[in-house]
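Visitor: Those sequence lines, one after another, are chains A and B.
So for the first sequence, our numbering puts the first residue at 1001; every next one is plus one.
So for the second sequence, our numbering puts the first residue at 660; every next one is plus one.
No lab work stands behind these hints: they were computed from the structure.
Treat each hint with caution, since some may be false.
Claimed, not checked - Computed from the model, here is a short list of chain A residues facing chain B with C-beta under 7 Å:
1) N1005
2) I1009
3) D1053
4) K1065
5) A1071
To be verified - Computed spacing ranges between beta-carbons, pair by pair:
6) B:D699 <-> A:P1047: 17 to 25 Å
7) B:N687 <-> A:L1046: 34 to 42 Å
8) A:N1005 <-> B:K723: 16 to 24 Å
Unchecked claim - When the alpha-carbon atoms are kept at most 30 Å apart in a straight line, the in silico DSBU-like pairs for lysine-lysine are as follows:
9) B:K781 <-> A:K1014
10) B:K812 <-> A:K1039
11) A:K1063 <-> B:K841
12) A:K1080 <-> B:K704
13) A:K1080 <-> B:K713
14) B:K736 <-> A:K1059
15) A:K1014 <-> B:K713
16) A:K1080 <-> B:K672
17) B:K736 <-> A:K1063
18) B:K674 <-> A:K1065
19) B:K812 <-> A:K1059
20) A:K1065 <-> B:K818
21) A:K1050 <-> B:K672
22) B:K841 <-> A:K1080
23) B:K847 <-> A:K1080
24) B:K723 <-> A:K1039
25) B:K818 <-> A:K1015
26) B:K713 <-> A:K1039
27) B:K728 <-> A:K1065
28) A:K1015 <-> B:K812
29) A:K1080 <-> B:K781
30) B:K704 <-> A:K1050
31) B:K847 <-> A:K1059
32) B:K781 <-> B:K723
33) B:K728 <-> A:K1059
34) B:K841 <-> A:K1065
35) A:K1063 <-> B:K672
36) A:K1063 <-> B:K847
37) A:K1065 <-> B:K812
38) A:K1063 <-> B:K713
39) B:K781 <-> A:K1050
40) B:K672 <-> A:K1065
Please read these numbers as outputs of a predicted model, since none were measured by experiment.
No residue lacks a Cβ here, since even glycine has one placed at the ideal position from N, Cα and C.
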Amino acid sequence: MTPPNNPFIQADGKKPTCMEMLQVIIDGEATNEQQEYFKNHMDRCLPCFKSYDLDMAIKRLLKTKCCGSDAPTDLVEQIKMQISQNTPS
Amino acid sequence: MEETITRNNYSEKEKNDIFNGEFLPHINSMYNFGFRLTLDRDDAKDLVQDTYLKAYRFIESFQKGTNAKAWLFRILKNSFINDYRKKTKEPSKVDYQEVETYYNSEDVNRQITPDLRVESLKDMIGDEISNALNSLDVDFRTVIILCDLEGFKYEEMAKILDIPIGTVRSRLHRARNLLKEKLSEYAKSMGYKNTEL
């Protein structure tokens, strides 16, 4: 049974693919209505169910593993020094 | 996309308050972005320094209290394209028209990504994900950095990259498939077999 109104359908009337809906959900861009719709959809769609877990796991892994490059400690001082040299007093 | 730029006549104190209070708190994210773009720590440092100097020079076109992080990321991205990328003489490897035409074709419904399972990601505790991200072409890498590392919304990404939201979505979709292909290669090399549920 398909709910009559798919809230992912855009103004142009084009029906979204599973991957398009999933992306909106994963990226936190979905409205409450879209989230509710997708939750029901996922119960009936095995590819979406599998992809959701995988995509969320990759997103979490990216966040925890690729954000650790802190700026060198002297960078802020260097920037401030350059600004003060370039600013007429 | 025409934007009206409002000039704000800030006093020196206001300028410094904005710079210290709204710009500098993003230094680590900016450096990480610079590093992920250039893949070199010295180049990243130069790029970030150059970005902050430009931000200070053009501070009057920044509206106090608005999205400073997106504004700074946009300057850094433009500096990278205009200054750094030209120096590297590296030709662009991707024909975006081709990519985006592909995305909009019927083929997109085909599952491009090879089998990759959540279980295999659990063993990627080293640099695998970082190396996979770094191996992507810089424009695909950029959308993943902005979305997944920095948490920008599609609308903010569109402004930072000067592209329509539809292109943000399609580029992100393609970038993630390429990333999954890389991760799948790592998973295979770690001994995981492709197994259908």
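Visitor: All hints are to be evaluated individually against the structure, with a verdict given for each.
Guide: Each hint tested on the structure:
no.	hint	result
1	N1005	violated (22 Å)
2	I1009	violated (15 Å)
3	D1053	holds (5 Å)
4	K1065	holds (5 Å)
5	A1071	holds (4 Å)
6	B:D699 <-> A:P1047: 17 to 25 Å	violated (39 Å)
7	B:N687 <-> A:L1046: 34 to 42 Å	holds (40 Å)
8	A:N1005 <-> B:K723: 16 to 24 Å	violated (42 Å)
9	B:K781 <-> A:K1014	violated (37 Å)
10	B:K812 <-> A:K1039	holds (22 Å)
11	A:K1063 <-> B:K841	holds (17 Å)
12	A:K1080 <-> B:K704	holds (14 Å)
13	A:K1080 <-> B:K713	holds (12 Å)
14	B:K736 <-> A:K1059	holds (22 Å)
15	A:K1014 <-> B:K713	violated (43 Å)
16	A:K1080 <-> B:K672	holds (14 Å)
17	B:K736 <-> A:K1063	holds (20 Å)
18	B:K674 <-> A:K1065	violated (35 Å)
19	B:K812 <-> A:K1059	holds (14 Å)
20	A:K1065 <-> B:K818	holds (26 Å)
21	A:K1050 <-> B:K672	violated (54 Å)
22	B:K841 <-> A:K1080	violated (40 Å)
23	B:K847 <-> A:K1080	violated (48 Å)
24	B:K723 <-> A:K1039	violated (40 Å)
25	B:K818 <-> A:K1015	holds (26 Å)
26	B:K713 <-> A:K1039	violated (46 Å)
27	B:K728 <-> A:K1065	holds (21 Å)
28	A:K1015 <-> B:K812	holds (23 Å)
29	A:K1080 <-> B:K781	violated (42 Å)
30	B:K704 <-> A:K1050	violated (40 Å)
31	B:K847 <-> A:K1059	holds (20 Å)
32	B:K781 <-> B:K723	violated (43 Å)
33	B:K728 <-> A:K1059	holds (21 Å)
34	B:K841 <-> A:K1065	holds (16 Å)
35	A:K1063 <-> B:K672	violated (36 Å)
36	A:K1063 <-> B:K847	holds (23 Å)
37	A:K1065 <-> B:K812	holds (21 Å)
38	A:K1063 <-> B:K713	holds (28 Å)
39	B:K781 <-> A:K1050	holds (16 Å)
40	B:K672 <-> A:K1065	violated (38 Å)
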